[in-house]
Structures are given as C-alpha cells and as structure tokens.
Amino acid sequence: MKWIRDLSIRNKLLTGFMLVLLLLLGVIALAYTRISHINDFQRQLSRDFTQALDLTTVIRYEDSIRARQLEMLIADTSVEQKRRQQEIRESEQIIDKELENLRLLYQNEPHSLEKLQELELTHNQFKQVRETQVFPLIYAGKQDEAKPLIRGPQLERFEKIRDLAIPLQQEALRDADLTAQQSERIAEQAVQIFLTASLAALLACIMLTAVLNRIIANPLKTIADSATQIASGNLSTPSYVVEQADEVGRLSQAFNRMTIYLKETADAAERIAAGDLRVGVNPLSEGDLFGHAFARMIDNLKSTTAELMEGVNVLAAAASEILASTAQVASGVAETATAISQTTATVEEVKQAGLLSSQKARHVADSAQKANAVAQGGIQAVTAAIDGMGRVQDQVASVAQSIVTLSEQSQAIGEIIATVNDLAEQSNLLAVNASIEAAKAGEQGKGFTVVAQEIRSLAEQSKQATVQVRQILNDIQKANSAAVIATEQGTKTVTVGMRQSQEAGESIRLLGETVNVASQAAVQIAASSQQQLVGMDQMALAMENIKTASTQNVSSTRQTETAARNLHELGQKIKLLVERYQV
Amino acid sequence: MTANPSGYREPRQTIDWEQIHRRLTAVRNAIDGAAAPPPAILKKILKERAIALAREAKMETAGSAIDVLEFDLAYERYGFELTYIREVCPLVELTPLPGMPDFVLGIVNVRGRIVSVIDIRNFFDLPDKGLSDLNKIVILTSDTREFGVLTDRIICTRSLLTATLQESLPTLTDVRSQYLKGVTGERLIVLDGGKILRDEKLVVNVQPER
Numbered sequence: 001m002k003w004i005r006d007l008s009i010r011n012k013l014l015t016g017f018m019l020v021l022l023l024l025l026g027v028i029a030l031a032y033t034r035i036s037h038i039n040d041f042q043r044q045l046s047r048d049f050t051q052a053l054d055l056t057t058v059i060r061y062e063d064s065i066r067a068r069q070l071e072m073l074i075a076d077t078s079v080e081q082k083r084r085q086q087e088i089r090e091s092e093q094i095i096d097k098e099l100e101n102l103r104l105l106y107q108n109e110p111h112s113l114e115k116l117q118e119l120e121l122t123h124n125q126f127k128q129v130r131e132t133q134v135f136p137l138i139y140a141g142k143q144d145e146a147k148p149l150i151r152g153p154q155l156e157r158f159e160k161i162r163d164l165a166i167p168l169q170q171e172a173l174r175d176a177d178l179t180a181q182q183s184e185r186i187a188e189q190a191v192q193i194f195l196t197a198s199l200a201a202l203l204a205c206i207m208l209t210a211v212l213n214r215i216i217a218n219p220l221k222t223i224a225d226s227a228t229q230i231a232s233g234n235l236s237t238p239s240y241v242v243e244q245a246d247e248v249g250r251l252s253q254a255f256n257r258m259t260i261y262l263k264e265t266a267d268a269a270e271r272i273a274a275g276d277l278r279v280g281v282n283p284l285s286e287g288d289l290f291g292h293a294f295a296r297m298i299d300n301l302k303s304t305t306a307e308l309m310e311g312v313n314v315l316a317a318a319a320s321e322i323l324a325s326t327a328q329v330a331s332g333v334a335e336t337a338t339a340i341s342q343t344t345a346t347v348e349e350v351k352q353a354g355l356l357s358s359q360k361a362r363h364v365a366d367s368a369q370k371a372n373a374v375a376q377g378g379i380q381a382v383t384a385a386i387d388g389m390g391r392v393q394d395q396v397a398s399v400a401q402s403i404v405t406l407s408e409q410s411q412a413i414g415e416i417i418a419t420v421n422d423l424a425e426q427s428n429l430l431a432v433n434a435s436i437e438a439a440k441a442g443e444q445g446k447g448f449t450v451v452a453q454e455i456r457s458l459a460e461q462s463k464q465a466t467v468q469v470r471q472i473l474n475d476i477q478k479a480n481s482a483a484v485i486a487t488e489q490g491t492k493t494v495t496v497g498m499r500q501s502q503e504a505g506e507s508i509r510l511l512g513e514t515v516n517v518a519s520q521a522a523v524q525i526a527a528s529s530q531q532q533l534v535g536m537d538q539m540a541l542a543m544e545n546i547k548t549a550s551t552q553n554v555s556s557t558r559q560t561e562t563a564a565r566n567l568h569e570l571g572q573k574i575k576l577l578v579e580r581y582q583v
Numbered sequence: 001m002t003a004n005p006s007g008y009r010e011p012r013q014t015i016d017w018e019q020i021h022r023r024l025t026a027v028r029n030a031i032d033g034a035a036a037p038p039p040a041i042l043k044k045i046l047k048e049r050a051i052a053l054a055r056e057a058k059m060e061t062a063g064s065a066i067d068v069l070e071f072d073l074a075y076e077r078y079g080f081e082l083t084y085i086r087e088v089c090p091l092v093e094l095t096p097l098p099g100m101p102d103f104v105l106g107i108v109n110v111r112g113r114i115v116s117v118i119d120i121r122n123f124f125d126l127p128d129k130g131l132s133d134l135n136k137i138v139i140l141t142s143d144t145r146e147f148g149v150l151t152d153r154i155i156c157t158r159s160l161l162t163a164t165l166q167e168s169l170p171t172l173t174d175v176r177s178q179y180l181k182g183v184t185g186e187r188l189i190v191l192d193g194g195k196i197l198r199d200e201k202l203v204v205n206v207q208p209e210r
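Those protein sequences? They're chains L and G, same order as listed. Read in order, the letters of the first sequence correspond to residues 1 to 583 in the numbering used here. Read in order, the letters of the second sequence correspond to residues 1 to 210 in the numbering used here.
A couple of the hints might just be wrong.
[What the hints assert, rightly or not] Taking lysine-lysine pairs in the DSSO-like style, the calculated list, with each CA pair at most 30 Å apart, reads:
#1 LYS440/L <-> LYS463/L
#2 LYS446/L <-> LYS129/G
#3 LYS195/G <-> LYS446/L
#4 LYS201/G <-> LYS440/L
#5 LYS47/G <-> LYS446/L
#6 LYS463/L <-> LYS195/G
#7 LYS160/L <-> LYS82/L
#8 LYS181/G <-> LYS446/L
#9 LYS47/G <-> LYS463/L
#10 LYS463/L <-> LYS201/G
#11 LYS440/L <-> LYS195/G
#12 LYS463/L <-> LYS129/G
#13 LYS142/L <-> LYS115/L
#14 LYS129/G <-> LYS478/L
#15 LYS129/G <-> LYS43/G
#16 LYS440/L <-> LYS181/G
#17 LYS370/L <-> LYS351/L
[What the hints assert, rightly or not] Computed spacing ranges between beta-carbons, pair by pair:
#18 THR495/L <-> GLU76/G: 53 to 63 Å
#19 ALA486/L <-> LYS43/G: 40 to 50 Å
#20 ASN474/L <-> ALA65/G: 20 to 30 Å
[Claimed, not checked] If you want the ones that stay clear, here's a sample from chain L, every Cβ over 10 Å from chain G, calculated:
#21 ALA31
#22 THR50
#23 TYR61
#24 GLN170
#25 ILE193
#26 MET258
#27 GLN426
#28 ALA527
#29 GLN538
Derived from the structure by calculation, the hints contain no laboratory data. Think of the CB as a built atom: it goes at the ideal place given N, C-alpha and C, for glycine as much as any other residue.
Work the whole structure out from these sequences, hints included.
Below, the structure written as structure tokens:
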C-alpha cells in the first residue's frame, strides 16, 4: 500500500476513476448486445403480426365483395346496383393495396410467396370474371343467368382464396408466438448479467472511496479544521504533520510552518500593541508580502507615531486656539443677535414712521387740493380787487378835483378876508381919530371917547378874527396841498396796487398750479409710501427671519463651542495616548 | 409802501366816516349860526364888556392923567400925547421928494392937504423896514407946523397916570432924550410931540445948488 500513499493525488484519482470507467464500459457493451438481440426479435414479431393482419383484411374484404355481388343480384333498381358496384370497386382497391404490402413482407420466405402468388392469381380471376361476365349480366337484367355464375365458378374461386389465405395467416401467428418466446428468454438472461456486473462495479467503487477517504480526505479535514481555527484567529492549534510524499503531506508541512510564522508575527504584533515599536520582523522570502508589509508597517508606524506626536501637539495647540476663537465667535454672535434685535425694532419703528409719512402725504394731498381751491378763490378776489382799485382811482380823481375846487374857493375866501382886514384897519383908524377928536373936545367928548374905544375894540376883534380866518385858511391850504399830494400818492399807490394785484393774481395762479403739481406729487408720495410700507413689511418679515436665524446661530455657536472644547480635550487625550508609544 | 413780515398790508387806520360827517354837519351849523350868535352868548359878551368899561372908569379918577396914542415902530412901542395929534391916516400914495434928507420920506395928500412924512427911526437909530399899505401916519400939528410921522401900526388911545411916567433912561442919548417925555412900566416910550414940532432940525430948507 506504500506506493499508493506516495502517488500524487491526481494519479490516485485518475487510477480510481479509470477502474470505475472500465467496469462501466463492460456493462454498457453487454447491454448493447442484449438490447440489439431483443430488437431483432421485436422487428420479426412485428412483421409476423402485420402479415396476419393483412391477410385478415384481405379475407374480410373478399367477403364484403361477395356480399355486395349478391346484393346487386337482388337489387331492384339500377341505381342500387351502381352503388353496390362502386362499393365493390372500393373494396378491390383496398385488397390490391394489402396484397402489395404482403408481397413486400414475404420477400424472404419463398414458400409462403408462392402461395401468395397463387392467391393473387385466383383473386384476379375472381375479379376478371366478375367484371366481364357478372356485371354485364346483372345490368342487362339477366339475374337468372348471373345467379349460376355467381354460385358456381365464382364461389369456387372465392373458396380457394379463403383456403389459401387462412393457412398463411395461421402460419404467421405461429411464427409470432415463437419469436415472442425467444425474445423473453434473451431478456431474462440480460437482466441477470446486468445485476452481476453492477454489483461488481459497486463493490469496486466502495473500496476506492474508502482508500481515497483514508489517505486524502481525513488529513485534509484535520488541516481544514486547523485552518478554520486559524481563520477564526486561534493560533494555538497543535502541530500536525502527515508523513506522505503527496500534496497532502506537503500541505500539512507548509501549514505547520505557516502556523509557526503566524505565531511569531502575532507575538511581534502583541509587542507592538503593547507600545513597543522596537521589534524587528524578518521577511521569509522575497514574496513574503505579509512579512514585508509588517516590516513596512512597523517602520511606517514608527514614522507615523513620530509625525503623529508632532501632529498631536499641533492639534492640541490648534484645538486650544479653536476653543478661544469659538468663544470669541460665540460672544460676537451674541452681539450680532442683540444688534439684529435692535435692527428689527428699528425696522418696526421705520415702518411706523413710513405709515405716519403715508398718512401725512395723504393729508398733504388733501391740503394741496384745498389750497388749489383757495388759490382759485384768491384769483377771483384779486380780479375783484383790481376792479375795485379801478373804481378807487376814479373816485380819487374826483376827490382831487373837489380838493382843487375847495382850494380855489379858499383863495376867494382869502381875498374876502383881506377886504375885511382892510375894513377893520380903517375902522381902527377911524376909532383912533374919533378918540383924538373926543380928546380935543375935552369934557364934552368923554362919552364919545367911550364910543370910539368901543369901535376900536370891534375893529380889533375883526382884525383878530381875520387873522384867525387867515390862519385857518392857511391850514386849509396846507391840508388841501397835503390832500392833493396824498391823493396823487393814492392814485400812484392804486396803480402800483393794481399792478401788484395783477402780479399777485399771476403768482396765485402759479401757486395754484404749483399746488396742483404738489398735490399730484403728494398723491404719488402717498402711493410710494404705501409701496414703501409694503416693502418695510417684507423687510420686517425678513428681519424676523434673520432674527430667528441669528438665534439658531447662537445655539449653533454654543454647540460649536462645546465641540471645540471636546476637540481640545480629545487633543489632550490623544497626546497622552501617543506619548505611550516607545519609538 | 412798506410791507410787514407777514406779507400783507396792515390797515393804517380806519376812516371814521360817521365822525367826519358829524364834524362837517357841525361846521355847517356853526357857519349858519355865526351871523346871529345865540342870545345867551351875546349877553355874556356884553356883560364882559360892561365890566371892562366899568373898571376903566374907576382907574380914571385916581390922580391927573394924560391921553396918549400908542403905536408900534420898529418893534418898539411909542406914544404921542393926543393934544399934538390932528388925526391918523393910512399911508397911501406917498410921493417921495428928491433932494430931501433921509428922514423925509415924501409927501402925501390927506383930504386935499399936502402933508410931509418924516421917519423918526433915523433919529433913534432904529432898523429900517419896508413900507406897505399897512403903515400908518400920525399927523402932528401945532400952530406953526404940521407933518406926519410914519408908524408901523396904530395900537390905541389910552389914558396914562402921570405918576407912572418915569423921566428918562440913562441909556438914552442926545436926540432920543431930547424928544422923550417919559417911559411907563410897560416899556411904552412916550414922546414929547411939542418938542418934535418945535425942533428946527426938522425944518428943511434946501436951496438948489447953482
């Protein structure tokens, strides 16, 4: 058995399968010979049955023909006869066809073929007589002549056909029976041979399976179990070496070496895990990917840890700065939120102001319309004033005329006064002369002196009166002059007033137009204010949204601050962790 | 035409036409009623006049008196005794005479009598003043002479108590002191008409030079 063990697994499997294949081929060859025998018997059987069947058919239709012939004989009408004749011809065709088949079937049996030819000959005579003699007689209505013909020679021929056909049929049936018995016997033999061969093959297979199982499957299962343990990470499997020169033996040895290598590597990894990066790993071969990778990993870990240390230091510092910055940002965001709140309030106030200005603009528009109406009234008033001033000018002219007349009359009065004054002067002189005369008269003139003095007193009073009148006239004259000047001034003033009134009218008209424009502008302002108000509403809404966003910002910033604090703590922790590594 | 800051003219004052109409009516009434003053006023005037006359009569009884004619000349008041005066008359149609001294103004015709007119302002160094129809002349007369003295205005005739007359003023010199009769407390300078009439300096006798 030692040589079987040392065969390679492929050769082992090939040997086993070849054995099984040989057994299988023997069984198949046997089966083929037996089945072809049975097949031959089957074909012979079929031919025999077909011969019997065809002969039966021929007999049957010959009977039918004879029956139809007799029916024709007794038929009353020619139509009936024709129909029978037709049927007879159809039957003849079938019989001809079957005879053709039989000729083919009896090719290899000369004895039987002779009989068949005789049968055929008789059939043809039967047919010919019928066609040439019987039918013309029947159609000619000579049933009495046809009847003996039918009963005589035709019956003999019919009987002869039957005598020929029936022995042939029975012989065919006998052959068929014999063939069936032979076939059955051969089939039984075949079954016995199959059973024996199959049992032998089965036994061989079982033995092969047992051998292969012992030298291949069992060691492989053990190794697979170990591999499963290793695959699940368990490296503490006992070493198992199969002392065979085949692949299984090599597999077990390689597997053992791999387990040892893995254990060593795991120890190294254990030390690395404990933070000792000073371990060295030597790759077993150029293609030791794992070893090379592990060595590189250690190198990389060393450099990475060094870089990580630096990075962690940087990270810790950065985290501190981020924490500080985040705190500043948090306070800034809080201030922003406050500012946004104030801005929202301001926007609300501005909105109120806009509302107020809108109302004011409407008021202004109303006022402007009123002012326009007032301006129209003012224009009418100015026109009336200009008319009035024209009348005043006329009246002032007449006043001036009156004053001139008055002045001239004053002059007449002055002349009269001069005359009166002259008279008073003369009266005075007269009185003085009278007193002188009275004084000359002495005591007698005393009374006259009184009269003279009385006259002089009157003259004096007259003179004083004239002086007063002149004074008054002077005053009147001055007043007249002043009145004339005033009147002239008044006329000029009225002219100026008229011009100014016209200018005022023009100004009021322009004012009215301006006010009209202002009114339209105020209406537009009111509309604009309304739009502005709507805009301010939207702005207020937007500010409200900003406020909400700002509040969210504040909370986000707090979260960020917390995160930065966590980051800072994390940096400190990582720093501690990294410092545990010994490079 | 000043406008106040508020832009419209303030009415200066409202003309009270009611008052003006009232005043005009009053004036018209006064003019109509001036011809015949109401009896009450007339009676009052007469009564005052009677009182004045009665007072003057009382004054006359006290001591000796002279009658003088007062007149204005060059803003001073002078007087002549009535005894030397013939009459007073207005200076009309004065005819200057050529070749006469400065104090002789000219001659006038008084109701058919030719009277020479002298200007005594030359004697008293009084300022000259233009002549007019209002100037009067006082015609002084004596047995021998008659001439007119120019005056600015005749005031009146009155009686003066001789006791009130003061003799002379020391300030007055030569000519004026010669013609002066006395000065009253009311600065009335009473001239001595007799002396003036007798003064030979006033006689003009000029022979035409050959």
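To see whether the hints hold, each was checked on the structure:
1. For the given pair, LYS440/L sits about 27 Å from LYS463/L by alpha-carbon distance, which is consistent with the 30 Å threshold.
2. Only pairs whose Cα atoms come within 30 Å are accepted, and LYS446/L paired with LYS129/G is rejected, the gap being roughly 37 Å.
3. With a C-alpha separation of about 27 Å, the suggested pairing of LYS195/G with LYS446/L holds against the 30 Å cut-off.
4. As the CA atoms of LYS201/G and LYS440/L are separated by approximately 28 Å, the hinted pair is consistent with the 30 Å bound.
5. Restraint check for LYS47/G and LYS446/L: the C-alpha separation of about 21 Å stays at or below 30 Å, so the hint holds.
6. Proximity of LYS463/L to LYS195/G is assessed by CA-CA distance (about 34 Å); at most 30 Å being required, the pair is judged violated.
7. For the proposed pair LYS160/L and LYS82/L, the alpha carbon gap of about 27 Å is at most 30 Å, so the pair holds.
8. As the CA atoms of LYS181/G and LYS446/L are separated by approximately 25 Å, the hinted pair is consistent with the 30 Å bound.
9. A C-alpha spacing of about 22 Å is found between LYS47/G and LYS463/L, which places the hinted pair at or below 30 Å, so the restraint holds.
10. Using a Cα cut-off of 30 Å, the hinted pair LYS463/L and LYS201/G is violated, with the two alpha carbons roughly 38 Å apart.
11. For the proposed pair LYS440/L and LYS195/G, the alpha carbon gap of about 19 Å is at most 30 Å, so the pair holds.
12. Restraint check for LYS463/L and LYS129/G: the C-alpha separation of about 22 Å stays at or below 30 Å, so the hint holds.
13. With a CA separation close to 36 Å, the supplied pair LYS142/L and LYS115/L exceeds the 30 Å bound.
14. The straight-line distance between the Cα atoms of LYS129/G and LYS478/L is roughly 29 Å, inside the 30 Å bound, and the hint therefore holds.
15. Restraint check: the Cα-Cα separation between LYS129/G and LYS43/G comes to about 43 Å, which exceeds 30 Å; the hinted pair is violated.
16. A C-alpha spacing of about 20 Å is found between LYS440/L and LYS181/G, which places the hinted pair at or below 30 Å, so the restraint holds.
17. About 29 Å separates the Cα atoms of LYS370/L and LYS351/L, which keeps this hinted pair within 30 Å; it holds.
18. At roughly 57 Å, the beta carbons of THR495/L and GLU76/G sit within the given window of 53 to 63 Å.
19. For the hinted restraint 40 to 50 Å between ALA486/L and LYS43/G, the CB-CB distance of approximately 44 Å keeps it satisfied.
20. At about 41 Å, the CB distance of ASN474/L to ALA65/G disagrees with the hint of 20 to 30 Å.
21. With a closest Cβ-Cβ approach of about 145 Å to chain G, ALA31/L is found to remain outside the 10 Å limit, as its non-interface label requires.
22. Against chain G, the non-interface label of THR50/L holds: every CB pair exceeds 10 Å, the least being about 151 Å.
23. Under the 10 Å C-beta cut-off, the non-interface status given to TYR61/L relative to chain G holds; the minimum distance is some 155 Å.
24. Every CB of chain G is more than 10 Å from the CB of GLN170/L (nearest about 165 Å), matching its label as outside the interface.
25. Residue placement check: ILE193/L keeps its beta carbon more than 10 Å from all beta carbons of chain G (closest about 152 Å).
26. The claim that MET258/L is not at the interface with chain G holds, since no C-beta of that chain comes within 10 Å of its own (minimum 119 Å).
27. A Cβ of chain G approaches the Cβ of GLN426/L within 10 Å, the least distance being about 7 Å, so the stated non-interface status is violated.
28. Consistency note on ALA527/L: stated as away from chain G, and its beta-carbon is indeed over 10 Å from all of that chain's, at 34 Å minimum.
29. The Cβ of GLN538/L lies farther than 10 Å from every Cβ of chain G, with a closest approach of about 46 Å, so its non-interface assignment holds.
Violated hints, listed in ascending order, are 2, 6, 10, 13, 15, 20 and 27; each of the other numbered hints is respected by the structure.
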